[in-house]
Each structure stands twice: as C-alpha cells, then as structure tokens.
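Asks: Letter by letter, the chains look like this.
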Amino acid sequence: MAILEVKNILKAFGDNNVLNDISFSVGAGEVVAIIGPSGSGKSTLLRCINQFETIDSGEIIIDGDTMVHTDESGCAVYADKAALRRMRLKIGLVFQNFNLFPHFSVLRNVTEAPVSVLGLSKREATDIAMKLLKKMGLEEKASQYPYQLSGGQQQRVSIARAMALSPKILFFDEPTSALDPELTGEILKVIRALAEAKMTMVIVTHEMLFARDVADKVIFMDDGVIVEQGLPNQVFDNPKEERTRQFLLRYSQG
Amino acid sequence: MNRINLPLLLSSMVDGMVVSLEIFFLTLVISLPLGLVLAAGRMSKIKMIRWPVQLYLLIMRGTPLMLQLLFFFYGPYYIFGIRGADRFTMAIIAFGLNYAAYFAEIYRGGIESVATGQHEAAAALGFTRSQKFFKIILPQVIKKITPPMGNEFMTLVKDTALARIIAVAELFHIAETAASSAVSVIPFVIAGIFYLVMNFFVGQGFLYAERKLSYYKIV
Ligand SMILES: Nc1ncnc2c1ncn2[C@@H]1O[C@H](COP(=O)(O)OP(=O)(O)OP(=O)(O)O)[C@@H](O)[C@H]1O
Ligand SMILES: [Mg+2]
Numbered sequence: 000m001a002i003l004e005v006k007n008i009l010k011a012f013g014d015n016n017v018l019n020d021i022s023f024s025v026g027a028g029e030v031v032a033i034i035g036p037s038g039s040g041k042s043t044l045l046r047c048i049n050q051f052e053t054i055d056s057g058e059i060i061i062d063g064d065t066m067v068h069t070d071e072s073g074c075a076v077y078a079d080k081a082a083l084r085r086m087r088l089k090i091g092l093v094f095q096n097f098n099l100f101p102h103f104s105v106l107r108n109v110t111e112a113p114v115s116v117l118g119l120s121k122r123e124a125t126d127i128a129m130k131l132l133k134k135m136g137l138e139e140k141a142s143q144y145p146y147q148l149s150g151g152q153q154q155r156v157s158i159a160r161a162m163a164l165s166p167k168i169l170f171f172d173e174p175t176s177a178l179d180p181e182l183t184g185e186i187l188k189v190i191r192a193l194a195e196a197k198m199t200m201v202i203v204t205h206e207m208l209f210a211r212d213v214a215d216k217v218i219f220m221d222d223g224v225i226v227e228q229g230l231p232n233q234v235f236d237n238p239k240e241e242r243t244r245q246f247l248l249r250y251s252q253g
Numbered sequence: 000m001n002r003i004n005l006p007l008l009l010s011s012m013v014d015g016m017v018v019s020l021e022i023f024f025l026t027l028v029i030s031l032p033l034g035l036v037l038a039a040g041r042m043s044k045i046k047m048i049r050w051p052v053q054l055y056l057l058i059m060r061g062t063p064l065m066l067q068l069l070f071f072f073y074g075p076y077y078i079f080g081i082r083g084a085d086r087f088t089m090a091i092i093a094f095g096l097n098y099a100a101y102f103a104e105i106y107r108g109g110i111e112s113v114a115t116g117q118h119e120a121a122a123a124l125g126f127t128r129s130q131k132f133f134k135i136i137l138p139q140v141i142k143k144i145t146p147p148m149g150n151e152f153m154t155l156v157k158d159t160a161l162a163r164i165i166a167v168a169e170l171f172h173i174a175e176t177a178a179s180s181a182v183s184v185i186p187f188v189i190a191g192i193f194y195l196v197m198n199f200f201v202g203q204g205f206l207y208a209e210r211k212l213s214y215y216k217i218v
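Sequence lines, in order, name chains E and C. For the first sequence, numbering that gives the first Met the number 0 begins at 0 and goes up steadily by one. For the second sequence, numbering that gives the first Met the number 0 begins at 0 and goes up steadily by one.
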C-alpha cells in the first residue's frame, strides 16, 4: 500500500500557478528523489504535504488517511484538526537549514517532541534519542548545544529529531544545500543508511549522482509540473522528455 | 542658608526611595503581563483588534508620560466630576499603562525576530500552538529581549521621579522639597546617588540574567 498518494494537486500563489496537476505516489520502503530547476515548485510541494501551505484542489492521502480531497464543486476540503494532527505525526520533515532549537541541548532537541507530543517518559525518549544519535555518530555531542556543532552535525541531529517520532515517511528539502561540499557526504551517508533500513523517504535534492544511486524513483519537476517520473536509470540515462534532457545536460556541465 | 539635619534628611529620602521602588515594582507587575497582551493584539491578524492596539501604542509612546500622569490624575475630576483613586494609585496606573506600551513593542520585536524555521520545525514535530510558544519561541524571545528590557527598567527607575508632578512623595519630590527649604543642592546629590545605586542593582541583575542565558547562542 502506498504511504503517500498525491493526486492532481493545484496550487497557485496569486496568479502564479506553482503546482499544476501534480500526481505521484510513494510506496512503503520506497525512496523517491525529486529533482528540478530552482523555482519549479519542489519546496512548495513538500510544504503542501507537510501542511505549511494549503492546496487549491487535488487529493493528498497519507498512510490511507485522506488529508485533503476535492469536492464536486472543485474546492479542496481538509480533514478535521485532530485528523490533520494525527497525519502530521506520521510524517517527518528535514529542513535545508536544520532549524534545530538553539536553546535545547542536542539530546533535548531529539527528546522534546517524543516527550511533549507523544507523551513518552523522559527515560524512554532518552533511550530512543541516544540510539538515534549513536547511529548518527553523535552520542558524544548529546550534551552540547547546536551552535557548537558543524552544519553537517546539526543536520544529522535534525534527522535524528525527525526520526525520534518514528514517522512513516520522511521528507527532505535539499538536506545538503546549506552545507560545505565536504560535509554533504556525511549527510548522504546517513540517508543511504536509512534507505537500506527501508525507511520511506522523499528527497528533494540537487545531488544527481546521489539521487540516481539511492532512489527507487526519480521525479523531474519543471515549472510546476512533473515532466517525467520513473526509475533512476530511465530518467537519467534515457530521458523521454526534451526538458529533462536539457536540465540534466546543464547539470552535468556543472 | 538653613543648616541641614543630615540624619533626618537621609531618613526621609530613604522613605522617598521606598515609594520610588514601590512605583517601580508595581509598574512592572502591571506592565510586563499587559505588554504581552498588547503585543499579541498588535500582531493579531484581525484589524479590529490590531488597529485599536496600534492607536493605543501610538498615544502612549507618542505623548509625554508627564502629560499622561496629569491626565490620569485630573482627568476623572475635570471630565466627569468624579474623584479618581488616590495619587499613588493613579500614578501606578499611568506608569503601568505607559510602560506596557513600550514592553509590547519590545516583545513584538523579539517574537518577530525568531526565525520562521523555528515555528515550522516545531509545527512539523507536532507541537501544539501553545507548546510551540512556551517551549520553543518564548525562551528565545526572552534571551533576545533581555538587553533592551534592561534599558527600559533603568529608564523606569529614573522615570519614577515624574510622579512628583501629581505630588506623590517619591524620592525626587522629597529631594526637591528639602532642597528648596534648605537652599542646598545636597538633597539633589543624595537623590542622584540613590538613583544610581538603584540602577546599579538593576544593571547587575540584568548582567546576571544575560550570563545565565549565555549557555546557548541563536544560530
Ligand atoms: N509563500 C510564497 N508566496 C508567493 N510565491 C511563492 C511562495 N513560495 C514560493 N513561491 C513561488 O513558487 C514558485 C516555486 O517555488 P519553490 O520554492 O517551491 O521552488 P523550488 O523548486 O523549491 O526552488 P529551489 O530549488 O530554488 O528551492 C516560485 O516561483 C516562488 O517564487
Ligand atoms: Mg526549494
């Protein structure tokens, strides 16, 4: 069963149609990479799924629950507050700029949501957090504060923070774009390990080699539409669409 | 020139300082929470709430506090023919309403300076709105506004002297009375030292708070 189903999403900012009939689905354990030029609507798509933006019409289904659908008159109808909250807890989001809580230690960044949102005891949450931090190679940083960490370390903490709520699906919006090139590798390694552990993920990225390598499916977006989606080698080596070809060509030239 | 009875002068000035401190603390008791309410109103999406609050802030910050004190003290009688509360109470009300306006703008600046990413990260993790505000946003706001609040507290210590305009027997009022009866500047010098001492402690308090909050940096 699909963990995420997106059907015919329309989203406009004023008269700027940012998402135009977007449809795709993500199955359990699948890794989907979304690529595309700047301004093509990749972040907006993730923001719609993560309830930071509302869609104008279309349907989003998360783990079988309808988050939003469109009624006969063409209006987007959202689920009630409690249901939206439940769905939000099934998904995790990793930001480009980490957005760690600066006033919490690394450990507390990871434990706070499990304690306050899921109601776990401090002890349970700490156990989970320490296991995750260990996986990220950050156990010895647990008592430090975000400003004391490198960008790569901060991003690994933010991945641990998202994972601590055991989401069904994890979204990444350009997780390495704010990092120095020598630090992107450590994040890609972590994501790869999550993929091997069959974590369901949707990753917006400009790292083409990584996308090809780790993704089960690649979606190429341009100008608010999905131009092409398919297996990585299909999209990268044999793009059907001229726009995809052009984009990849520009990219490979750097 | 009359001889000054220093012990007597000092003891009456200490009494005056106590009144000044009462004004100081009671003003804070009113204005710190009221400022938060005003800041919320100022940031409201609803125009019918935001606009009146903006007008209030404009008036309170745009006219002299001394004028406001006179207005609150004499206003009830001159306008409605009724006696307001006693002069001390009216002074506290005027100070409280005035300082709430300044605190509101400091709070607002602090709240708006917290990165949207913090709101989004908290929302993405499933925190409720109030959890987000109290656990994530407010602690960062407190750190950010500590220095400007220190300034405001020090100004308030000195502004308490304005209460003499409605004859509240605070430190400056007593110094003025003593100075004119003794034809001497000594009471003024003593008053100056008293204000300085009060603000020294205010300053130390804020330094301590800033040090306490320096265990993290906002990245
Ligand atoms: N809050 C907003 N209000 C108005 N327009 C917006 C808003 N957010 C995004 N847009 C517009 O939507 C379009 C898509 O933006 P989006 O950020 O989704 O692109 P992107 O594919 O993530 O680009 P990038 O690779 O640069 O991150 C752009 O034209 C952008 O200007
Ligand atoms: Mg983007």
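Just so you know, not all the hints are guaranteed correct.
[As the list claims (entries may be wrong)] Taking lysine to any residue pairs in the SDA-like style, the calculated list, with each CA pair at most 25 Å apart, reads:
#: 1; chain 1: C; residue 1: Lys157; chain 2: C; residue 2: Val184
#: 2; chain 1: E; residue 1: Lys89; chain 2: C; residue 2: Glu119
#: 3; chain 1: C; residue 1: Lys216; chain 2: C; residue 2: Tyr194
#: 4; chain 1: C; residue 1: Lys216; chain 2: E; residue 2: Lys89
#: 5; chain 1: C; residue 1: Lys134; chain 2: E; residue 2: Tyr144
#: 6; chain 1: C; residue 1: Lys143; chain 2: C; residue 2: Gly40
#: 7; chain 1: E; residue 1: Lys197; chain 2: E; residue 2: Asp221
#: 8; chain 1: E; residue 1: Lys133; chain 2: C; residue 2: Gly202
These are calculated hints, taken from the structure and not from any lab test.
Asks: Assess, step by step, whether the Cα of Lys143(C) is no farther than 25 Å from the Cα of Gly40(C), and give holds or violated.
Replies: holds (20 Å)
Asks: Next pair to validate is Lys157(C) with Val184(C); report whether the Cα-Cα distance is within 25 Å.
Replies: holds (18 Å)
Asks: Hinted pair, alpha-carbon criterion (25 Å max): Lys216(C), Tyr194(C). Please report holds or violated.
Replies: Roughly 33 Å separates the two Cα atoms, so the pair is violated.
Asks: Please work out if Lys89(E) and Glu119(C) have their alpha carbons no farther apart than 25 Å.
Replies: holds (16 Å)
Asks: If you draw a straight line from the CA of Lys133(E) to the CA of Gly202(C), is it 25 Å or shorter?
Replies: The given pair, whose Cα atoms are some 44 Å apart, is violated under the 25 Å limit.
Asks: Keeping to a limit of 25 Å between CA atoms, is the pair of Lys197(E) and Asp221(E) held or broken?
Replies: With Cα atoms ~28 Å apart, Lys197(E) and Asp221(E) exceed 25 Å; violated.
Asks: Sort out whether Lys89(E) lies within 25 Å of Lys216(C), counting only the CA atoms.
Replies: Not OK: Lys216(C) and Lys89(E) at ~31 Å, beyond 25 Å, violated.
Asks: Does the alpha-carbon distance linking Lys134(C) and Tyr144(E) stay inside the 25 Å limit?
Replies: holds (16 Å)
Comparing the model with each numbered hint stated earlier shows that hints 3, 4, 7, 8 do not hold.
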